[in-house]
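Student: Below, each chain spelled out in residue letters.
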Amino acid sequence: MKPFRSLDAVAAPMGTPNIDTDQIIPARYLWRSKADGYGMHLFQDLRFAADGTPREEFVLNQPAYANAGIIVAGRNFGCGSSREAAVWALSDYGVRCVIAPSFGDIFYNNSFKNGLLPIVLPPERVAALLAALDRKQDVRIEIDLQAQTVTGPGGTVDHFEVDPFRKQLLLEGMDDIAFTLRHTEQMAAFETEYDRAAPWLAVPG
Amino acid sequence: MPETKPRTLFDKIWDSHVVERLPDGTCILYIDRHLVHEVTSPQAFEGLRMAGRKVRRPDATIAVADHNIPTVGRRDPAGIKEEDSRIQVQTLEANVAEFGVPYIPIMDKRQGIVHIIGPELGISLPGMTIVCGDSHTSTHGALGALAFGIGTSEVEHVLATQSLLQKPAKNMLIQVEGSLPFGTSAKDMVLAIIGRIGTAGGTGHVIEYAGEAVRALDMAGRMTVCNMSIEAGARAGLIAPDETTFAYVKGRPHAPKGEAFEQAVAYWRTLPSDPGASYDTRVVLNGADIAPMVTWGTSPEAVVPITGTVPDPANEPDAEKRAQLQRMVEYMALTPGQKMTDLPIDVVFIGSCTNGRIEDIRAAAEVMRGRKVAPGVQAMVVPGSGLVKEQAEQEGLHRILLEAGFEWRDPCCSMCLGMNPDKLTPGQRCASTSNRNFEGRQGPGGRTHLVSPAMAAAAAATGRLADVRELGR
Numbered sequence: 001m002k003p004f005r006s007l008d009a010v011a012a013p014m015g016t017p018n019i020d021t022d023q024i025i026p027a028r029y030l031w032r033s034k035a036d037g038y039g040m041h042l043f044q045d046l047r048f049a050a051d052g053t054p055r056e057e058f059v060l061n062q063p064a065y066a067n068a069g070i071i072v073a074g075r076n077f078g079c080g081s082s083r084e085a086a087v088w089a090l091s092d093y094g095v096r097c098v099i100a101p102s103f104g105d106i107f108y109n110n111s112f113k114n115g116l117l118p119i120v121l122p123p124e125r126v127a128a129l130l131a132a133l134d135r136k137q138d139v140r141i142e143i144d145l146q147a148q149t150v151t152g153p154g155g156t157v158d159h160f161e162v163d164p165f166r167k168q169l170l171l172e173g174m175d176d177i178a179f180t181l182r183h184t185e186q187m188a189a190f191e192t193e194y195d196r197a198a199p200w201l202a203v204p205g
Numbered sequence: 001m002p003e004t005k006p007r008t009l010f011d012k013i014w015d016s017h018v019v020e021r022l023p024d025g026t027c028i029l030y031i032d033r034h035l036v037h038e039v040t041s042p043q044a045f046e047g048l049r050m051a052g053r054k055v056r057r058p059d060a061t062i063a064v065a066d067h068n069i070p071t072v073g074r075r076d077p078a079g080i081k082e083e084d085s086r087i088q089v090q091t092l093e094a095n096v097a098e099f100g101v102p103y104i105p106i107m108d109k110r111q112g113i114v115h116i117i118g119p120e121l122g123i124s125l126p127g128m129t130i131v132c133g134d135s136h137t138s139t140h141g142a143l144g145a146l147a148f149g150i151g152t153s154e155v156e157h158v159l160a161t162q163s164l165l166q167k168p169a170k171n172m173l174i175q176v177e178g179s180l181p182f183g184t185s186a187k188d189m190v191l192a193i194i195g196r197i198g199t200a201g202g203t204g205h206v207i208e209y210a211g212e213a214v215r216a217l218d219m220a221g222r223m224t225v226c227n228m229s230i231e232a233g234a235r236a237g238l239i240a241p242d243e244t245t246f247a248y249v250k251g252r253p254h255a256p257k258g259e260a261f262e263q264a265v266a267y268w269r270t271l272p273s274d275p276g277a278s279y280d281t282r283v284v285l286n287g288a289d290i291a292p293m294v295t296w297g298t299s300p301e302a303v304v305p306i307t308g309t310v311p312d313p314a315n316e317p318d319a320e321k322r323a324q325l326q327r328m329v330e331y332m333a334l335t336p337g338q339k340m341t342d343l344p345i346d347v348v349f350i351g352s353c354t355n356g357r358i359e360d361i362r363a364a365a366e367v368m369r370g371r372k373v374a375p376g377v378q379a380m381v382v383p384g385s386g387l388v389k390e391q392a393e394q395e396g397l398h399r400i401l402l403e404a405g406f407e408w409r410d411p412c413c414s415m416c417l418g419m420n421p422d423k424l425t426p427g428q429r430c431a432s433t434s435n436r437n438f439e440g441r442q443g444p445g446g447r448t449h450l451v452s453p454a455m456a457a458a459a460a461a462t463g464r465l466a467d468v469r470e471l472g473r
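The listed protein sequences derive, respectively, from chains A and B.
This note's numbering puts the first sequence at residues 1 to 205.
This note's numbering puts the second sequence at residues 1 to 473.
Extracted from the complex, chain A is given alone in its bound form:
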């Protein structure tokens, strides 16, 4: 996993609440191999008309937000289906951070496991960032994960909270499985005792 330390990128405003994972990546693309990339279908039906032509009004198609690396979103971003391809599509497109007042739980978890940083800021601060980005003058946002700060257009600085454990793994670019596999002995001990105490858990036949 690519470590995440800091990021200075163009931020695209997507203030609509409840952008669900079906909108981020429709189910009909989920059979694709990760190696082929999902970025080309990110927000497919919002970004493109049925004939494949880009919808000019969609934020990522506007020149001001070309090559966005950050999305500032409305509440409950990434709600709905557990599909991790929603995160893969964002990462593959080049988005490494989403800032929103709240997230769908599974999406939030999936993000960390793919080096994408989900940042929760208070609704009024997200609204302020959205308003600043909508003006299309200064559209860059700077993230410092170590310091846990978001520096917005015009130099506004917001502090954000992040789980220390998740932060450490992101900073190191360490994957969860490698971490857990360091605890193999504890696992073996737990399993032995557990199987003894709950024999009915064994799958019969």
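Hints listed in this document are in silico derivations from the structure and should not be mistaken for laboratory results.
Some hints could be false.
[To be verified] To list a few chain B residues with every Cβ distance to chain A over 12 angstroms, as calculated:
id: 1; residue: Thr4
id: 2; residue: Ala277
id: 3; residue: Arg282
id: 4; residue: Gln428
[Claimed, not checked] Listed below are the simulated DSS-like cross-link pairs for lysine-lysine, each with C-alpha atoms no more than 27 angstroms apart in a straight line:
id: 5; chain 1: B; residue 1: Lys339; chain 2: B; residue 2: Lys321
id: 6; chain 1: A; residue 1: Lys2; chain 2: B; residue 2: Lys54
id: 7; chain 1: A; residue 1: Lys167; chain 2: B; residue 2: Lys170
id: 8; chain 1: B; residue 1: Lys170; chain 2: A; residue 2: Lys2
id: 9; chain 1: B; residue 1: Lys339; chain 2: A; residue 2: Lys34
Each residue gets a CB set at the ideal place from its N, CA and C atoms; glycine is no exception.
Knowing the structure of chain A, use the given hints to seat chain B on it.
Tutor: Relative to the frame of chain A, chain B by itself:
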């Protein structure tokens, strides 16, 4: 004896599965059952292969293809016409063979939607931790198990370690008091709950459903309620195991037998929340206030009783919400103030992990008995599993439905998520027993109204959204 703090059902299941607690509160949580399907697993197996890792507990894992397989002319994977579907099923078959994971083939009558077959086969049991790369894993919480959806990285993590890195969720208690009125079902109950707390109302929580109306539900109804916990923002929903649960589990193929079953029941009886256990959030609904519900918009929280009307976005004071409501009204091609019962429908879909069980098909057949699908309406029933389909055929329900003009399909997620060929075409309006009415969910440009199976049948019979209570008279 040290005094212990009263614990919730969730706390008890959580505590008994903690392998290790890290200093910041993150836990290595042991997983009892891992259900694997064709859509969210390929990259997980690929990850194992690349790292040279094995599946730690193949015996605690079971795989089945359900999301993207044909519902007509079912045949062996090599014969699947759609390339994407064929690749996914064949990839799953190659992966389970390579890693030694038990698998239910698509031509096996036990095949079905993973959340239908887990409980049906006794693979999912009370007190367990159950995960699957699918957000509707919350369904299994109806048994009194902690069951939640995970992403593909987590699928790989569970395959490799039989555990997950998790922090405990907050506890939410939703009590539905009294009893449900005539013409309403578990689906109406959960839609009313989502209408009340919103799609983010349960975020960060595990919801425990309790109260007289919940206790009175059969297991199928409890599964419908827990299924849609994710639509209320909660990763998991739970209902305390009771006599209804034990009677359901007893005798199922993978359930414990004889003395082991008695031991298990004795343990399961210790699981319900202790008196005085504390919850971070509590919500109380009165069952008697619940009417047959129907969603009007593109979020499950955009829901009204069938007697209701399309809301007017202009009445919403909050600008952001107003814009969202306006977008929904436009996408769904509605007029503010329009009566829900005035909306003609093109398609009826009965099935999915929300409402694809035998009880759901019985409810639909009961309404359709002696009635016909209205002209111009395409109506289909997709049973949740091969065993559900077989049971329905033994009861003759398929004959009632076929004679009425329904299509009788093979088990799959089907039109719930618009991945296989069962899709809406742009502009089509569908009364659906599934769980999500998102834009394009059932096919690009499709318009979904979520309803109960009886209400879906009422829509099929009348050609519009209809109040099943009126039809009953």
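Student: Work down the list of hints and note, for each, if the structure agrees.
Tutor: Now for the hints, and whether the structure bears them out:
1. Once the 12 angstroms rule is applied to beta carbons, Thr4 of chain B is consistent with being away from chain A; the minimum gap is 18 angstroms.
2. Taking the minimum C-beta to C-beta distance to chain A, about 22 angstroms, the non-interface status of Ala277 of chain B holds against the 12 angstroms cut.
3. Every beta carbon of chain A lies more than 12 angstroms from that of Arg282 of chain B, the smallest distance being close to 20 angstroms; the non-interface claim holds.
4. Even its closest Cβ contact with chain A, about 14 angstroms, leaves Gln428 of chain B beyond 12 angstroms, as expected for a residue assigned away from the interface.
5. Between Lys339 of chain B and Lys321 of chain B the alpha-carbon distance is near 22 angstroms, which keeps this suggested pair within the 27 angstroms criterion.
6. Of the supplied pair hints, the one linking Lys2 of chain A and Lys54 of chain B holds, its CA atoms being roughly 24 angstroms apart against a limit of 27 angstroms.
7. Taking the CA atoms of Lys167 of chain A and Lys170 of chain B, the gap is about 21 angstroms. The hint holds against a cut of 27 angstroms.
8. A distance of roughly 31 angstroms separates the Cα atoms of Lys170 of chain B and Lys2 of chain A; the hinted pair therefore is violated under the 27 angstroms criterion.
9. Distance restraint check for Lys339 of chain B and Lys34 of chain A: the Cα-Cα separation of roughly 45 angstroms exceeds the 27 angstroms cut-off, and the hinted pair is therefore not satisfied.
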